[in-house]
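Taken in order, these protein sequences are the chains called C and B.
Those letters in the first sequence? Residues 2 to 290, by our numbering.
Those letters in the second sequence? Residues 76 to 358, by our numbering.
These are calculated hints, taken from the structure and not from any lab test.
Where hints are given, some of them may not hold.
Claimed, not checked - Selected chain C positions facing chain B (in silico; Cβ < 8 Å):
#1 L7
#2 P10
#3 D13
#4 V164
#5 C167
#6 V171
#7 S177
We put the CB at the ideal spot given by N, CA and C, even for glycine.
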Amino acid sequence: MVYDALVAPFADFEFMRRALAAAIALALGAAPIGVFLMLRGMSLVGDAMAHAILPGAAIGFLLSGLNLFAMTVGGLIAGFAVAILSGVVSRLTELKEDSSLATFYLASLALGVTIVSVKGTNIDLLHVLFGNILAMDNQTLMVIAINATVTLVVLAVIYRPLVIECVDPVFLRTVSRAGAPAHLAFLGLVVVNLVNGFHAMGTLMAVGLMILPAGIARFWSRDITGMIMIAVVSALLSGYTGLILSFHSKVPAGPAVILVASAIYALSVLFGRVRGILRPLFPAPHLEA
Amino acid sequence: MVDPADGAGCTVGNGACGHRRTLGHRIADDRAMVAQLQFRDVTLGYERHPAVHHLTGEIASGAMLAVVGPNGAGKSTLFRGIVGILKPLAGSIVFGGLDVRDIAYLPQSAEIDRSFPISVFDFTSSGLWRATGAFGRLGSRECRRIVEALAAVGLNGFENRPIGTLSGGQMQRMLFARVLLQDAGVIILDEPFNAIDAKTAADLLALVRRWHEEKRTVLAALHDMDLVRANFPETLLLARGAVAWGPTAQALTADNLSRARQMCEAFDDGAAACAAQVSPRAA
Numbered sequence: 002m003v004y005d006a007l008v009a010p011f012a013d014f015e016f017m018r019r020a021l022a023a024a025i026a027l028a029l030g031a032a033p034i035g036v037f038l039m040l041r042g043m044s045l046v047g048d049a050m051a052h053a054i055l056p057g058a059a060i061g062f063l064l065s066g067l068n069l070f071a072m073t074v075g076g077l078i079a080g081f082a083v084a085i086l087s088g089v090v091s092r093l094t095e096l097k098e099d100s101s102l103a104t105f106y107l108a109s110l111a112l113g114v115t116i117v118s119v120k121g122t123n124i125d126l127l128h129v130l131f132g133n134i135l136a137m138d139n140q141t142l143m144v145i146a147i148n149a150t151v152t153l154v155v156l157a158v159i160y161r162p163l164v165i166e167c168v169d170p171v172f173l174r175t176v177s178r179a180g181a182p183a184h185l186a187f188l189g190l191v192v193v194n195l196v197n198g199f200h201a202m203g204t205l206m207a208v209g210l211m212i213l214p215a216g217i218a219r220f221w222s223r224d225i226t227g228m229i230m231i232a233v234v235s236a237l238l239s240g241y242t243g244l245i246l247s248f249h250s251k252v253p254a255g256p257a258v259i260l261v262a263s264a265i266y267a268l269s270v271l272f273g274r275v276r277g278i279l280r281p282l283f284p285a286p287h288l289e290a
Numbered sequence: 076m077v078d079p080a081d082g083a084g085c086t087v088g089n090g091a092c093g094h095r096r097t098l099g100h101r102i103a104d105d106r107a108m109v110a111q112l113q114f115r116d117v118t119l120g121y122e123r124h125p126a127v128h129h130l131t132g133e134i135a136s137g138a139m140l141a142v143v144g145p146n147g148a149g150k151s152t153l154f155r156g157i158v159g160i161l162k163p164l165a166g167s168i169v170f171g172g173l174d175v176r177d178i179a180y181l182p183q184s185a186e187i188d189r190s191f192p193i194s195v196f197d198f199t200s201s202g203l204w205r206a207t208g209a210f211g212r213l214g215s216r217e218c219r220r221i222v223e224a225l226a227a228v229g230l231n232g233f234e235n236r237p238i239g240t241l242s243g244g245q246m247q248r249m250l251f252a253r254v255l256l257q258d259a260g261v262i263i264l265d266e267p268f269n270a271i272d273a274k275t276a277a278d279l280l281a282l283v284r285r286w287h288e289e290k291r292t293v294l295a296a297l298h299d300m301d302l303v304r305a306n307f308p309e310t311l312l313l314a315r316g317a318v319a320w321g322p323t324a325q326a327l328t329a330d331n332l333s334r335a336r337q338m339c340e341a342f343d344d345g346a347a348a349c350a351a352q353v354s355p356r357a358a
């Protein structure tokens with residue numbers, strides 16, 4: 002019974018196993034990146050970047066149809082271009098990163114939608130907008146796995162400068178020149194993971210497994226290491242539970258994953274150990290010292 | 076080591092901007108004393124408006140210098156210039172055999188994201204950056220140094236607290252612990268005793284005096300004149316330009332202080348280009 006509900010779908014169907022593998026890889030890479038995005042107040046920036054990827058993927062699509070390689074490369078190029086341009090603009094001018102990014106992403110989103118709707122069918126548009134985690138071929142799976150691996154390795158390399166750059170950028174500038182490269186590398190990782198999210202969840206929900214787990218983590222830990230752990234676990238849980246729900250119901254897989262993550266988020270907002278809204282209703286006695 | 080010819084000798088007029096300010100320290104009898112920091116007619120500012128205007132002078136190695144002046148006098152700007160966060164609009168700051176990374180800089184704590192989820196221990200450990208770099212391991216020796224530094228500022232037992240839970244004074248103690256770990260030859264403190272209680276200020280001041288005894292060069296921006304008079308042998312009275320620079324007793328005269336207070340804080344949008352820069356005279 003429990004086996005039928007929770008394990009059998011993956012044991013019996015290959016597409017479910019592939020979807021689960023994709024969800025796991027996505028969660029491992031995206032969740033830690035999401036935590037940093039949130040801590041730097043860049044959650045919406047991630048969303049903006051997700052849209053910025055669209056024209057690149059669309060141009061790849063325009064040139065060679067639904068070709069994974071072309072769309073990935075196109076998406077990476079567009080994403081990096083917008084990330085670097087807005088990063089450079091905000092470092093050189095008074096404009097904050099979010100506002101300079103907003104201008105770039107609006108332009109590229111308009112461009113992307115134009116290209117897809119001029120050239121493609123409605124099915125193509127749906128695929129681009131919502132992804133298709135239940136139709137993972139070998140290539141796509143490999144791309145997602147490689148991207149997740151690269152993310153974890155690079156994050157390990159830039160971790161210390163990135164943390165210090167977040168908490169005390171002035172200090173980092175006085176002891177090291179690593180701040181700017183770490184920042185740019187981080188933006189690169191954001192793009193890489195958005196491309197991942199783009200393949201699995203589509204452009205509209207690409208950031209889902211970045212931002213929601215990070216939001217969840219904030220309610221359960223006061224330490225960045227703990228937050229990253231919790232974010233990864235909740236992303237994994239959302240991926241698995243969402244796929245199961247989708248399998249047993251008519252809910253499409255991508256939205257199911259995001260809805261599960263949203264439900265966990267809602268519970269965390271209410272009952273979270275760190276400033277959950279309903280916590281004050283169950284006060285623990287205050288301590289001696 | 077300082078040559079204060081007389082009271083007036085170490086003061087400068089608050090004249091027009093073409094007026095060149097060449098006063099400051101002159102090393103007289105003690106030839107062994109090295110200049111660690113030299114300001115060569117340096118102008119620092121924002122959007123072409125000078126916040127520190129034509130400052131010339133030098134700071135000897137091992138000096139303990141108070142930088143005093145009204146709000147907006149350019150104290151923080153001067154420090155930013157020294158640590159290289161702000162590029163001079165004109166002139167230069169020269170280090171005598173010193174890498175910028177030998178400077179420990181304690182900015183006003185408002186610049187730290189206190190909501191960031193990081194523990195006191197992890198935050199303080201960044202003071203070991205020169206030893207560990209971006210990748211170096213924190214071994215047991217490093218960990219012991221961090222715990223000792225926290226103990227030295229009276230923060231025993233705070234290691235695992237998130238920095239967001241610290242009070243203002245505790246925060247300042249933690250920043251001092253990080254400066255301790257940096258083990259730097261030059262230490263720059265920007266208003267280190269602001270808004271903290273007398274006990275904390277006294278504890279931290281003891282650390283500053285210890286650094287001075289260890290022959291480190293200490294620069295501190297301060298507002299408490301009694302504290303400056305009691306502890307700092309030399310003072311730079313800053314009001315965009317140097318109003319006075321020399322032994323504290325001679326720099327902090329009532330006359331000098333009132334002249335510093337008269338400095339106009341606002342930038343003048345219609346200000347003309349500074350004549351000294353347009354046609355620099357030979358020194």
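Hints, verified against the model:
1. L7: violated (33 Å)
2. P10: Violated: closest Cβ of chain B sits about 37 Å from P10/C, beyond 8 Å.
3. D13: violated (42 Å)
4. V164: holds (7 Å)
5. C167: Where the cut-off is 8 Å and the nearest Cβ of chain B is about 6 Å from C167/C, the hint holds.
6. V171: holds (5 Å)
7. S177: holds (6 Å)
Comparing the model with each numbered hint stated earlier shows that hints 1, 2, 3 do not hold.
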